[in-house]
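Engineer: Listed below are the residues making up each chain.
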Amino acid sequence: DTGVSQDPRHKITKRGQNVTFRCDPISEHNRLYWYRQTLGQGPEFLTYFQNEAQLEKSRLLSDRFSAERPKGSFSTLEIQRTEQGDSAMYLCASTRGIDRVGRKNTEAFFGQGTRLTVV
Amino acid sequence: AQSVTQLDSQVPVFEEAPVELRCNYSSSVSVYLFWYVQYPNQGLQLLLKYLSGSTLVKGINGFEAEFNKSQTSFHLRKPSVHISDTAEYFCAVSGGGSQGNLIFGKGTKLSVKP
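As given, the protein sequences belong to chains X and A, one line each in that order.
Throughout, our numbering is defined as the position within the first sequence, counted from one, plus 72.
Throughout, our numbering is defined as the position within the second sequence, counted from one, plus 20.
Careful: at least some of the hints might be erroneous.
[Claimed, not checked] Quick list of in silico lysine to aspartate or glutamate cross-link-like pairs, EDC-like style, CA-CA up to 20 Å:
id : chain 1 : residue 1 : chain 2 : residue 2
1  : A       : K69       : X       : E150
2  : A       : K78       : X       : E179
3  : A       : K133      : A       : E108
4  : A       : K69       : A       : E36
5  : A       : K69       : X       : E116
6  : A       : K89       : A       : D105
7  : X       : K143      : X       : E116
8  : A       : K126      : A       : E108
9  : A       : K126      : A       : E36
10 : A       : K69       : A       : E108
11 : A       : K89       : A       : E36
12 : A       : K69       : X       : D158
13 : A       : K126      : X       : E100
14 : A       : K126      : X       : E116
15 : A       : K89       : A       : E40
16 : A       : K129      : A       : E84
17 : A       : K129      : X       : D158
18 : A       : K133      : A       : D28
19 : X       : K83       : X       : E150
20 : X       : K83       : X       : D158
21 : A       : K133      : A       : E40
Please keep in mind that the hints were generated in silico from the structure rather than gathered at the bench.
Everything numeric in this text was worked out from a predicted model, so none of it was measured.
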């Protein structure tokens, strides 16, 4: 169990550029979540995947954002035409889905996050 | 809809003193409750969780929390804090349903002073 890893850890980009982040979940976890955390706030849910299917998107996820999980393993989050308001920490989390006694989503493991700064 | 309120944005405390970080939640369904810790420029690490059963849950690093259904609270406590406990603490709720995403409070910054 190597934990959830995210790449890159930091990204500085100019307004209007496109950026892509990667998340590698814990290998046996079939659920993968993306959250955004702005300064002084708690993380806010963006979207999640069950295996390769994207099942829910928050209203925070504008049409400039797209996420994929093509083979049900790693996931990418792309932001097109970045704006200064996109500056935030982007966190990825994975869960097993069902724990040993059949309860759903009882523990999320988070990556270190990708800090995006749009200048 | 579910929500989480962390009543204190900052809590300063001296080393070896006890601390309580307050969390209240609202939900129309049964919930799972969590406390996470975040060190600067890091992801979140789970401290403890309440799923069911005993209302007093113990976590890592000497932290514990008590689930109080009538007061819809899940306050985090530690009897004696260390400098290394300085971090931001987030309370979160999950409905445990098919979606399973977490709803977080705004966080409490714990500053432990020597």
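Engineer: Which hints from the list above does the structure break, by number from lowest to highest?
Structural biologist: The structure conflicts with hints 1, 4, 6, 7, 9, 11, 12, 13, 17, although it agrees with all the remaining ones.
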